[in-house]
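One-letter residues, chain by chain:
Protein chains: 2
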Amino acid sequence: MDSLYNTSIIGYISSPFKEKFGIPRQPGINSTIESKICLEKEFSSEECVRGLENFSHIWVIFKFHENVSKGWSNLVRPPRLGGNKKVGVFASRSPFRPNFTGISVVKLLKIEVGINTVITISGGDFMDKTPVIDIKPYILYSDSIEDAVCKDFELKPQKKLVVTFSDKAKAVCMDYEGLENKLSDILSYDPRPAYYNNDRDKECGMKFDRFDIRFKVCKDILNIQEIIKL
Amino acid sequence: MDSLYNTSIIGYISSPFKEKFGIPRQPGINSTIESKICLEKEFSSEECVRGLENFSHIWVIFKFHENVSKGWSNLVRPPRLGGNKKVGVFASRSPFRPNFTGISVVKLLKIEVGINTVITISGGDFMDKTPVIDIKPYILYSDSIEDAVCKDFELKPQKKLVVTFSDKAKAVCMDYEGLENKLSDILSYDPRPAYYNNDRDKECGMKFDRFDIRFKVCKDILNIQEIIKL
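Here the protein sequences line up with chains A and B, keeping their order.
First residue of the first sequence: 1, per the working numbering; consecutive thereafter.
First residue of the second sequence: 1001, per the working numbering; consecutive thereafter.
Worth flagging that the hints you see were computed from the coordinates, not collected in a lab.
Every residue gets a Cβ at the ideal spot worked out from N, C-alpha and C, and that includes glycine.
Please note that the accuracy of each hint is not assured.
Subject to a maximum C-alpha distance of 27 Å in a straight line, what follows is the list of computed DSSO-like cross-link-like pairs (lysine-lysine) [stated by the list, open to error]:
1. B:K1036 / A:K86
2. A:K129 / A:K41
3. B:K1085 / A:K107
4. B:K1041 / A:K70
5. A:K86 / B:K1107
6. B:K1086 / B:K1159
7. A:K18 / A:K182
8. B:K1063 / A:K85
9. B:K1063 / A:K107
10. A:K70 / B:K1063
11. A:K18 / A:K156
Per the computed footprint, the stretches of chain A lying under chain B, defined by three or more beta-carbons under 8 Å from a beta-carbon of chain B, are [said to hold, decoys possible]:
12. 84-98
13. 124-136
14. 142-149
All chains should be built: construct the whole structure from the sequences, respecting the hints.
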């Protein structure tokens, strides 16, 4: 029976998020960020994706590959609860879970069929190189539950910080179209864990795309001090 | 790397649908039908489900276990398109898919913690004994995409048939509370594949709960002729 449940990787995601830090905590938050699903050859035929263009949104079922070696916990501390309150793993979307399986709905932008079919999406919360195990169309009448109740989870995360750039950082942005907007968008949600909040002098770093972004936060202003090309 | 992706079964679903025929084609359609997720011991602690009661709906990630031996196809014929038009497997929710993984959102009714924790749900489209690989809370702001576009898939399936009962069938229903309502609900959606439509004299059978339900359809009336206890 067990052998029935070996999982095949149908493709990999290429995303500008190169490390866990800075990835939005739920999909759909950073709509400016594009990612690409590159399907393995076996799943790349025109037939496999025929008609997918009729849907504006798709489900991506994936593995939290970075967490497998760390195991799973029966209790987790969701960031939305300030990192203090614990809830059960099945009452959270924590990546540290049995089978390390994630589901995220994303916007479908483009499908390019080829030896490796490439599907461009936006709004994903995936780390680069995430293995994909399934793609499904988003079906409005069965997936959108408008009257669902989610105590503690009602609100979409709000932008908390004003993002500013040093002259040096701004100069780097001039050379990369869209970089300034993307960084402003992502970092305005404050990617730092709750326990960072009072440590104002601490410089933080986040790898994004081909860059290491160095920033400091003071009150509600996040200043990008340096953008280092990797 | 492959060994990272062995899938553990975290529990099994007990459902009145004993065979594929008659199962609603999407979750959320038959809200009168309750199922139970019985978690394996390893995943049954109070901690694992702590806080889950704060959510009205949950995602169940599961395996289409009946289909694994039949393999997957790159093209499928969705019943909503009359069984004639083919679409790609990734543009459908067909169970015959790579990794045989399904996702369904269901209503959460009750959580009973024990040696095997039991979660009662309604609105599921699961066959009895379906293996479960994950449970996640439904999160309104990330999962409900109210403006999603789904061409060919806009409408919730409509009730098509008036369900009537023979005296003999009605007599059996008298002994089982709720059975008449459940059968009226499920069968009114016409569970038969498209090619049955013009074959009016054909008796159909559907195993549901502890019963074999025998019925015939004439025009828009479905008559339950017999309910045989198994």
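Legend entry - K1036 of chain B paired with K86 of chain A [C-alpha distance capped at 27 Å]: Holds, at about 26 Å.
Inset, instruction - Take the C-alpha atoms of K1041 of chain B and K70 of chain A, compute the straight-line distance between them, and say whether it is at most 27 Å. - result: 21 Å, holds
Legend entry - Pair hint outcome, K18 of chain A versus K156 of chain A [Cα-Cα no greater than 27 Å]: 24 Å, holds
Legend entry - Given hint K182 of chain A paired with K18 of chain A - CA-CA distance at most 27 Å: 15 Å, holds
Inset, instruction - Mind checking the alpha carbons of K1086 of chain B and K1159 of chain B for me, to see if they're no more than 27 Å apart? - result: The hint holds at about 24 Å.
Inset, instruction - With a cut-off of 27 Å on the C-alpha distance, tell me whether K129 of chain A and K41 of chain A pass. - result: It holds: about 16 Å lies between the C-alpha atoms, which stays within 27 Å.
Legend entry - Proposed proximity, K1063 of chain B with K70 of chain A (alpha carbon, max 27 Å): Roughly 25 Å between the alpha carbons, so the hint for K70 of chain A and K1063 of chain B holds.
Legend entry - Given pair status - K85 of chain A, K1063 of chain B, alpha carbons within 27 Å: The hint is violated at about 32 Å.
Legend entry - K86 of chain A paired with K1107 of chain B [C-alpha distance capped at 27 Å]: Distance of about 23 Å is within 27 Å: holds.
Inset, instruction - Would you mind confirming whether the straight-line C-alpha gap from K1085 of chain B to K107 of chain A stays at or under 27 Å? - result: 25 Å, holds
Inset, instruction - Count the residues of the stretch 84-98 of chain A whose CB lies closer than 8 Å to any CB of chain B, then report whether that count reaches three. - result: holds (count 10)
Legend entry - 8 Å C-beta criterion, at least three residues: is the stretch 124-136 of chain A covered by chain B: holds (count 5)
Against the hints set out earlier in the document, a violation occurs for number 8 only.
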